[in-house]
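Peer 1: Quick note, the sequences are listed as chains D and U, same order. For what it's worth, our numbering labels the leading residue of the first sequence as 43, then goes sequentially. For what it's worth, our numbering labels the leading residue of the second sequence as 9, then goes sequentially.
Please keep in mind that the hints were generated in silico from the structure rather than gathered at the bench. Just so it is clear, the structure is predicted and the values come from calculations on it, not from any experiment. Incorrect hints may appear among the rest.
Calculated from the model, a selection of chain D residues having no Cβ within reach of chain U, i.e. all distances over 12 angstroms [claimed, not checked]:
1) 52
2) 76
3) 79
4) 127
5) 167
Simulated crosslink set (SDA-like; lysine to any residue; CA at most 20 angstroms straight-line) [unchecked claim]:
6) D:184 to U:96
7) U:95 to D:175
8) U:89 to D:198
9) U:89 to D:156
10) U:89 to D:176
11) U:89 to D:196
12) U:89 to D:149
13) D:188 to U:105
14) U:96 to D:198
15) U:89 to D:86
16) U:95 to D:107
17) D:188 to U:116
18) D:188 to U:89
19) D:188 to U:96
20) U:89 to D:107
21) D:188 to U:88
22) D:188 to U:128
23) D:184 to D:107
24) U:89 to D:181
25) U:89 to D:50
26) D:86 to D:134
27) D:184 to U:124
28) U:105 to U:37
29) U:89 to D:157
30) D:188 to U:95
31) U:89 to D:172
We put the CB at the ideal spot given by N, CA and C, even for glycine.
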Amino acid sequence: MNTELLERVRERLAGEGREAALAHGLLAVQLPRDALLDTVRVLKESFGFDLFLDVTAVDWPEREARFDVVFHFYSTRDHVRVRLKTAVTEVDPEVDSLVPLYGSAAFMERECHDMYGIRFRGNADLRPILLYEGFEGHPLRKDYPKDREQPLVRYRE
Amino acid sequence: MNPGHEKTGAFEYLTTRKDELVGWARKFSIFPYPFVTACCAMEFMSVSSTMYDTDRFGAALPRFSPRQSDLMMVVGTITHKQAPILKKVYEQMCEPKWVMAFGVCATSGGFYQNYAALQGIDRIIPVDVYIPGCPPRPESVIDGIMQLQDKIANARHPIVNEKF
Chain D
43 MNTELLERVR ERLAGEGREA ALAHGLLAVQ LPRDALLDTV RVLKESFGFD
93 LFLDVTAVDW PEREARFDVV FHFYSTRDHV RVRLKTAVTE VDPEVDSLVP
143 LYGSAAFMER ECHDMYGIRF RGNADLRPIL LYEGFEGHPL RKDYPKDREQ
193 PLVRYRE
Chain U
9 MNPGHEKTGA FEYLTTRKDE LVGWARKFSI FPYPFVTACC AMEFMSVSST
59 MYDTDRFGAA LPRFSPRQSD LMMVVGTITH KQAPILKKVY EQMCEPKWVM
109 AFGVCATSGG FYQNYAALQG IDRIIPVDVY IPGCPPRPES VIDGIMQLQD
159 KIANARHPIV NEKF
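Model the full structure from these sequences, guided by the hints.
Peer 2: What follows is the structure in C-alpha cells.
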C-alpha cells in the first residue's frame, strides 16, 4: 500500500488541529463541518482521489452532535482510501453536497438522505431513491421502530 | 329375421362431472408467469431446465405477459415499493388464475424482517401454493406444482365466472 501518500495527506489535513489516524491502509480524518468541501477539493485536485466511494452516517443517539457523516474516497492511481468524518446535530443535520466535485455524489447523497435524514446543501434532487414517496421517518436511525411497516398496498382481509 | 337378435345402438357413452372434465384439462395446461425479483430465480432456472422437465406437468412454457398466463410464480423478495406492481400484474391476469409463493421470501419475507420487505405476498394477493426453502430445491417446486394440480383437479370450474 502507498502509505507514503497517506502520510502526506495526513500532514496536509492535520495541520489545523484535526484528528487524523492512519491504520490498515486507510486514513481517517475528523474535521469540522464547514471545512468539508474545501478538504474534499484538496483531496481530489492535489492528491488524485478521483473516486468517491460512499457517503453514509452513523447515529449516536446519546451524543449532542448526534450524527457522524462519513465519506470514503479512493485513488485509482495509488490504490489508497481516505475516510472523512464530520459531526452534525439532530436539529441541523446538514452538510455541503459534493455534487460540484463528484457526479456520483448526487445518487449516494439521496440514499443517505433517505436512511438518516442528512440534508446535503447544494444537491437539488433529494427525492427518495431506495424508499418511496410518502415514507415517514428515517429507517436507519436507531430510534426508528424495527417492526414498523409502511405498506403502499392495503392488506387483504 | 329373428326379432330376438335385434342389435342395440352402436352409440356408447360415459358420464362424468363437468368440473372434473374441465379440471383434468386445466391441470395439465398451466402457463406460468415468472414474477422474478431475487436469487430464487436461480432455482427457477434450474427447475425450468431439461433436467427436471416440468413439461411432464404441462407447466413448462413461461409466458411473459400476465394476459397469457394462469399461474403466477412469485420468485424472490417483494418490497413494499414493489408491492403495488405485483398487485397490478396479478389483477391483469385472466381467470382462472393461481399464485405460487416460491421460497421463503415470497412466503413470509424470509430473513428480511425490516422496514422494506413485505412479510409475505399473501398479505396483498391470494396464494394457492407455498413452497418452502431458501432457495427451494427443484424437487420442492415440482411437489408444489403437483399439489396445485390436485387443487385444480378437485376445484369447481364454473362456466360463467361467478366473481363478476
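Peer 1: Look at each hint and say if it fits the structure.
Peer 2: Structure-based check of all given hints:
1. The Cβ of residue 52 of chain D sits about 38 angstroms from the closest Cβ of chain U, beyond the 12 angstroms cut-off, so the non-interface label holds.
2. Taking the minimum C-beta to C-beta distance to chain U, about 33 angstroms, the non-interface status of residue 76 of chain D holds against the 12 angstroms cut.
3. Listed as outside the interface, residue 79 of chain D is consistent with that label: its C-beta sits roughly 32 angstroms from the nearest C-beta of chain U, beyond the 12 angstroms cut-off.
4. Every CB of chain U lies more than 12 angstroms from the CB of residue 127 of chain D, the least distance being 25 angstroms, so the non-interface label holds.
5. Residue 167 of chain D, annotated as away from the interface, keeps every beta carbon of chain U farther than 12 angstroms; the closest lies near 18 angstroms.
6. Distance hint between residue 184 of chain D and residue 96 of chain U is unfulfilled; the C-alpha atoms sit about 34 angstroms from each other, more than 20 angstroms.
7. For the hint linking residue 95 of chain U to residue 175 of chain D, the alpha-carbon distance of about 18 angstroms falls within 20 angstroms, and the restraint holds.
8. Simply put, residue 89 of chain U and residue 198 of chain D have alpha-carbon atoms about 17 angstroms apart, close enough for the 20 angstroms limit, and the pair holds.
9. About 14 angstroms separates the Cα atoms of residue 89 of chain U and residue 156 of chain D, which keeps this hinted pair within 20 angstroms; it holds.
10. The straight-line distance between the Cα atoms of residue 89 of chain U and residue 176 of chain D is roughly 11 angstroms, inside the 20 angstroms bound, and the hint therefore holds.
11. Restraint check: the Cα-Cα separation between residue 89 of chain U and residue 196 of chain D comes to about 13 angstroms, which is no more than 20 angstroms; the hinted pair holds.
12. A distance of roughly 18 angstroms separates the Cα atoms of residue 89 of chain U and residue 149 of chain D; the hinted pair therefore holds under the 20 angstroms criterion.
13. A C-alpha spacing of about 35 angstroms is found between residue 188 of chain D and residue 105 of chain U, which places the hinted pair above 20 angstroms, so the restraint is violated.
14. Distance hint between residue 96 of chain U and residue 198 of chain D is fulfilled; the C-alpha atoms sit about 14 angstroms from each other, no more than 20 angstroms.
15. Distance restraint check for residue 89 of chain U and residue 86 of chain D: the Cα-Cα separation of roughly 36 angstroms exceeds the 20 angstroms cut-off, and the hinted pair is therefore not satisfied.
16. Distance hint between residue 95 of chain U and residue 107 of chain D is unfulfilled; the C-alpha atoms sit about 43 angstroms from each other, more than 20 angstroms.
17. For the suggested pair residue 188 of chain D and residue 116 of chain U, the alpha carbons sit about 16 angstroms apart, so the restraint of at most 20 angstroms is met.
18. This hinted pair checks out: residue 188 of chain D and residue 89 of chain U have alpha carbons roughly 18 angstroms apart, not beyond 20 angstroms.
19. At roughly 28 angstroms between alpha-carbon atoms, residue 188 of chain D and residue 96 of chain U are farther apart than 20 angstroms, so this suggested pair is violated.
20. Proposed proximity of residue 89 of chain U and residue 107 of chain D is contradicted: the alpha carbons are some 32 angstroms apart, above 20 angstroms.
21. For the suggested pair residue 188 of chain D and residue 88 of chain U, the alpha carbons sit about 15 angstroms apart, so the restraint of at most 20 angstroms is met.
22. Under the criterion of a C-alpha separation no larger than 20 angstroms, the hint pairing residue 188 of chain D with residue 128 of chain U is consistent with the structure, at around 17 angstroms.
23. Taken as a hint, the residue 184 of chain D and residue 107 of chain D pair is honoured in the structure, with Cα atoms around 15 angstroms apart against an allowance of 20 angstroms.
24. At most 20 angstroms may separate the alpha-carbon atoms for a hinted pair to count; residue 89 of chain U and residue 181 of chain D meet this at roughly 14 angstroms.
25. Between residue 89 of chain U and residue 50 of chain D the alpha-carbon distance is near 46 angstroms, which puts this suggested pair outside the 20 angstroms criterion.
26. Between residue 86 of chain D and residue 134 of chain D the CA atoms are separated by roughly 27 angstroms; this puts the pair beyond 20 angstroms, and the hint is violated.
27. Using a Cα cut-off of 20 angstroms, the hinted pair residue 184 of chain D and residue 124 of chain U holds, with the two alpha carbons roughly 16 angstroms apart.
28. Of the pairs offered as hints, the one joining residue 105 of chain U and residue 37 of chain U holds, with about 12 angstroms between alpha carbons and a cut-off of 20 angstroms not exceeded.
29. Distance hint between residue 89 of chain U and residue 157 of chain D is fulfilled; the C-alpha atoms sit about 15 angstroms from each other, no more than 20 angstroms.
30. Between residue 188 of chain D and residue 95 of chain U, the direct Cα distance comes to roughly 25 angstroms. Violation of the 20 angstroms bound is thereby established for this hinted pair.
31. For the given pair, residue 89 of chain U sits about 9 angstroms from residue 172 of chain D by alpha-carbon distance, which is consistent with the 20 angstroms threshold.
In terms of the numbered hints stated before, the structure departs from hints 6, 13, 15, 16, 19, 20, 25, 26, 30, listed from lowest to highest.
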